[in-house]
Structure formats: C-alpha cells, structure tokens
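Sequences listed follow chains B and Z, in order. Here the numbering used here is used: the first residue of the first sequence is 1, the next is one more, and so on. Here the numbering used here is used: the first residue of the second sequence is 1, the next is one more, and so on.
No lab work stands behind these hints, which were simulated from the structure alone. Be aware that one or more of the hints could be misleading.
DSS-like, lysine-lysine: derived pairs with alpha carbons at most 27 Å apart [as the list claims (entries may be wrong)]:
(1) B:142 - B:129
(2) B:209 - Z:116
(3) B:196 - Z:181
(4) B:145 - Z:46
(5) B:198 - Z:104
Small disclaimer: the values here were computed from a predicted structure and weren't measured.
Number of protein chains: 2
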Amino acid sequence: MLAEIITIGDEILIGQIVDTNSAFIGKALNRIGVSVYQIKSVQDDKAHILKALNEAEDNVDIIIVTGGLGPTKDDITKHTICEYFDDILVQDDAVLAHVEALFKKYISTPIMEVNKEQALVPSKAKILKNRFGTAPGMWLEKGNKVFVSMPGVPYEMKALMEYEVLPKLQKRYKFPFILHKTVLTYGVGESVIADKIKDWENNLPAFIKLAYLPSLGKVRLRLSAKGADKNDIEEEVERQVVTLQKLIGDIIVGYEDENSIEVTIGEILKGKGLTIATAESCTGGKIAEQFTANAGASAYFKGSIISYATDAKTDILNVSEELIKKHSVVSIEVAEAMAVNAKQLFKTNYSIATTGNAGPSKGDSEAEVGTVCIAIATPKGLVSGTFNMGNHRTKVINKTMNKSFEMLLKEILKN
Amino acid sequence: MLAEIITIGDEILIGQIVDTNSAFIGKALNRIGVSVYQIKSVQDDKAHILKALNEAEDNVDIIIVTGGLGPTKDDITKHTICEYFDDILVQDDAVLAHVEALFKKYISTPIMEVNKEQALVPSKAKILKNRFGTAPGMWLEKGNKVFVSMPGVPYEMKALMEYEVLPKLQKRYKFPFILHKTVLTYGVGESVIADKIKDWENNLPAFIKLAYLPSLGKVRLRLSAKGADKNDIEEEVERQVVTLQKLIGDIIVGYEDENSIEVTIGEILKGKGLTIATAESCTGGKIAEQFTANAGASAYFKGSIISYATDAKTDILNVSEELIKKHSVVSIEVAEAMAVNAKQLFKTNYSIATTGNAGPSKGDSEAEVGTVCIAIATPKGLVSGTFNMGNHRTKVINKTMNKSFEMLLKEILKN
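Pulled out of the complex, with its shape left as it was, chain B reads as follows (with noise of 0.2 Å):
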C-alpha cells in the first residue's frame, strides 16, 4: 500500500520553514506498514492544490495532506478540497463547541467568526478530532482511495496522527510489516565500509535494501525489509546485522530504531543509576540540549556549563588562568582541566568537555578555525583528542557533538 504526503505553503517553497511534519509522517506511516511513494509540497493554490490531489490520486491509495487550514485568508485548503470533492461546507456543532471551549481554555481574547468558520466542514468529510487546536482533522474517501487533510502545527498533526489517521488507517487497510533496522559507525569512510561488507551486501535477499548513511563522522547503514510475516523479517534482519557485527564490528556503535546515540548514551547511564554532565565552549550547549531533549534525561543529566567567554572558564570552571596562558584556550590540557573541574562541580561519574573554535574567525584563540580539542572524564580518568573538524560553523559544532558521544560511548560501554 502507497501513500503520498503533500505538504500545503508557500513558506515552505520561498524556504522560510524547514518542513518537518513529512519526516514525521513518514516515519509513522512506516510503522504501521504503509510505504510513502513521494512527498511533495506545493503553493497556497487552488489551481496546484488541485492538481497534486489528481495526480497523488493517480499514483497511490493514502494521500496525507498539511497545511493551509487556519483561519487566515491565506489558508485555502478546506475550500479547496470541498471544490475537489464536489462539495459544501456544514457546521459540525462538535467541532465548534471545542473551538469554544479552547478559546475560553487558553485564549485570553474573545472568539471571532473567523474562528467559529473553523467549525464549517466539507458535508462528506469524517471529522477528526484536533485536541490542540481549533482546525479539525478531514478524512475524506473517493473510490478505494483515502483523503486526510490536517493542520500544519506540527505538534497538532502529531497528536491527528497518532491518535486519529493511523488507527483508523488500520482499521480500514491490511498492511504489510515494514521494518528498519540501523546500524550506527562511527570513526571510517562509507567508501571503505562498502569494500568491507561487498559480498554480505550482494548476497542481501531481495527483500531487504541497504542505504549508507554517511554525515560527519559518523555512517549509518538501513537495512529495511518489508514483508507479511512479522517473525520471519524480524529473524532474517536480525541474522544479517550479526554477520555484519562479524564484518565490522570494531566500528558499530549501537542500533538505532527509535534511538539516536544520545539516546542510547542515557538509557545505559540510567540503566547502571550513573550521571553526567558537560562543560562546553564551541559547542554552546548544543550537546545538553541533546540529552535535555528527551523525557526523563533527569534521571541522568545533571547540568552544563557553558563557557562561552575565556572568563568563565577560569571564574566558574575554575580552570586556572595560568594553564589558560600557557596552553592556549583551545588545547587538551584545557579540556582537561573543563571537563575534571565539571564533574567535580556538578557530583557526576562522567562528563563532557569541548573548547575549540568553531568559526569563521579566529576569536579569543590562537587555534585554526576547525580545530576541537574534546575530554571526557570518566570514573577512572580521562581520554582526549585534538581534532580538525573542518570549516563550516555548524559542522564543526555538529561534528564535535557526534565526535564526544561516540568517544563517551566507548568508554561507557568499556566500564
């Protein structure tokens, strides 16, 4: 079964957003089984909107579409599927008691007609039920095809998503099991990692396709098999991920299904009742921000400081100023001493610590822009490196991130 996600806006074409719901639709339409043919985004448009239903129409059985359902003149994609399935607008009195009741909730403003228009809904739609906003879900059918129209919050069509279109999606369809299962490297070239596993990868059954991941540092290898029976896929990928953990073992890091590595990082910490925290300078926060992202990191993640300025360094990570002038900011005598100082400050059995200079200038360093020097202070000491880490701002940082979780794995998982 097929589908297709067409994303509505022209904030999404001049580039002014990153359009972020299609990653999360796909990933959850995958999971119950269904295969995305195609993502497009298209203008505010009758006349394009129009023809992206009739040609998804023609091209798969689910068509997914955000977007274009506020309550703004801008906003024409109600309008506009009632046009494409011949149809008028009614009052859903449900749908306009939640609009009230939302305003009431949380809006300090009274209600306008503009919103109560929200509740106005093509006469042949099923309404589904949008519990953080006042743009109600569409489920449409034409044929043996199925139309979904949501909101393009992104945390309204999450919440559509799971709670609406995939169980009733379910409940309509049989589908397939899809499964991905990824392998993250990190440290060797996919060029390299091609040549290591050719003959595992040629003798693949045809069932399971292998993509190379490859971004900064770091290769990820997909496999993703797809199939009726959910036991037998599950036991061909498995055994094909322990061949290649016989191929190339020294460079796996860990699994991803839903995890990154991050993830993994703190599940083990919390698992084991061990904590960590980070002393961070060219990184700016960027590495807390990735544990402080998921739920329950409290358990694990104790803190961060970020120092940011030479000053803080020395004032409240009490890296002395004279290992300062005589090392330079940037060196691994300095990340030392952030990272030592960090897990003393913060009562952890590890920590993370970067100072580098991530460019494009050379700021309060001596150090070429690209160059990294990462600690991490563990139980029973400390590991370090001085890395060149390229010329762009944000790989550098991006890349200093995914070089200190795979460095503070290995040293987890050694312990």
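Assemble the complex: chain B is given as a structure, and chain Z must be docked to it using the hints.
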C-alpha cells in the same frame, strides 16, 4: 522563471532524516529572483527519478536535484541522469585530481576504485566544483531548460549553490526581483491580528501577498512581492510595513529578513557593547545554543549554567536551599534568584533564567506539566512571569525559549 526542487533518497520518505536542503535551496533561489513551483522528494529508484525529471521538465524551467551521488551501490542518481540525457559517462581529470587531493588531505585510508569513480560524469554535463566533497555538481541543459544535480550532504550542497549554481543561473537568465519581508509579532493570536488589519490586507496591491505564520506564542506576517524593478518593490513594501506598524505596532517586536529574534537581540547587544548569560533548567541549553549558533556570538554571549538537577541550582548557581524549599524549584522566586546569580557569575548586563516542568512527568517539582517561570535580569532590575506552556515536551521548551526572547527584547529596547 520557475524552478522545481527534487530531493532523492529513501531516508527522506521513511522519515529517517528531515529534508533541510529544499528550504536552503528555496531561499537561495528566491534571493536571485527565481520562484520555486514545488518541491518533490522521491525514492532511490530509477523509474521514479526518471518520472520526476520528466514531470519537472513539463512544469518549470530550472530543475534542481540533490542526493544519490555517493560512491556506494544505493546511489543511482548519476546513472539515471545519464540515461535521461541519453548520455555516457566519461572521466573528468580535474575531478579525479580533486578526489585524490581530498583523500590525501583528510582521509587516513587509501583511495579506492569506487572513490575514483566519482570522477566519471555524463559527457554532456558541465562540472560544478564541490569544494567539500568528492561528488561533483553537474549542470545539464535540454532546450532552454536547465538541470542541476548536487550531492545531498548539506554543507557540500550549500557551497555548490553559493559559488557555482546561483552565479551561473544569474549569468544564464534575467530574473525579476523577489522580496520577502517578515514582521515578527509576539503575544496575540493570528485571528485577532487578521481582524485588526483586514482593511489594510484587502487593499494590498496585487503584487504583494500576505501570509500568516503562527507558532507557539508568536505570529510572523510575511509580505511577499515580485516585480521587475527592485526600487519600486522595496519602496512599496516599506510603505505597507509603515502602515502595518501604525495598526499593530504594539505587538511588533522586530523584522526578519534573514534574522530571527535571537540574531536581532545579538546585534543590538553587540552594537551597544552589552553582554548576556543564561541559567537554564527546563530549556536545558536550548537558549544558549540559539545564541552560539551565530558567528560572532562571543562578542555578547558569555555563557550559561544549565542547572538541570536541583543540586546544580544550589551548588553552582548559589540559589539558597531554603528559597527552593519555601517556594519550590519551579517558582518566580527561584527563577529570579537564578537570573540574578547568573548575571553576577558571568558578569554580564543581562541574563535569562528558566525553571519549569517540560513533562511528560512531574520530576523534582510539584509543578504541573507545562508550568514555566522565566526571569530576565537587566541592568535596572528584574522582570519575570509564570506561564502555562501546554503539555508537549518539545512545545514547552520551544515556547519557553520564544517567550524568553520576547521578554528580553522588550527590556533591551526599553533601555
């Protein structure tokens, strides 16, 4: 002149990665006067890519393709483009020399045959130099249509766009002028704004389009204009913005061209020689990370203490245990103490402090999920508030960040 962006890769369709390339390309094309007709993400599949190229050739004049140019088996874009243009692959000596040089400089492993194959390119293609990677960009023409193929690695693609694609497009065509001007408002919902400005909106000239972009406590109003004469366009948009300022000046906090609110804050602080630090609990480094993502942040951003654990609030931020016991960890009093102490520790003019419960469970605090206290310390004193940020973790964190920036900017503009 219209363009279509085609991003290739199963990882996009299964939601393993978010397609950020399209937004960058869309914004870049707009800057030189090219409108994006639509964005399409397709599978690593020859038939599908050929279909997408065909349809794009019907729809638009400029087709920009990213992805699928790596050295591994799953990358098929180059061969597919070769087939689309009925062409053969030939070795490009300059590309080969570049690949060999990159290996010598950055990669510890020896160069392999698959890497050398990166130098095989369609004979009809003009080569666009990829400064940061081994896969070259390619420029092909068919009648009066232009096709550009670039690797999907974001920083490689970005450099190719800036240094190769945009200059070549500007040389090849004469484009109109496109201007987007975005007005940032905080604190009032989109339907209330729409009501206040409806007469103005209805009287906008035909070449100016208005869009409402609401998100988590802020609404961005985007005016998009297109025309032959740069001066006319700029003047008319400016005139409309002045009128808008008269209608809703009380909720406008700034304008976004390239700039987001934290960049605006940074520029003002830098201009005045003022500094800031943050003390973050529930936002976990998110606010610090926004500041440090910008080059030159070290001029005004001194650092941050992420006091995620309650211990960190007392031991490192010096918030008294009694105060926390008396008012609880999520309280105005604790937020204010955090702000004052951070300002003192980092010796800055301003500070932002956040403490709250981002959920999903109650954690250390007694506070309901979504309850957040924010305090801003300024040269003249303190402002603070308690807010209900809803009940979704990411939403609570982002909404808190936005509210903090709003409160801070108001204070900065006062002083």
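Results for each hint:
For a cut-off of 27 Å, the pair hint linking residue 142 of chain B to residue 129 of chain B stands: about 21 Å separates their Cα positions. The hinted pair formed by residue 209 of chain B and residue 116 of chain Z meets the criterion: a straight-line CA distance of about 25 Å does not exceed 27 Å. A distance of roughly 52 Å separates the Cα atoms of residue 196 of chain B and residue 181 of chain Z; the hinted pair therefore is violated under the 27 Å criterion. With a C-alpha separation of about 26 Å, the suggested pair residue 145 of chain B and residue 46 of chain Z falls inside the 27 Å cut-off, and the hint holds.
About 24 Å separates the Cα atoms of residue 198 of chain B and residue 104 of chain Z, which keeps this hinted pair within 27 Å; it holds.
Comparing the model with each earlier hint shows a violation of hint 3 alone; every other hint is respected.
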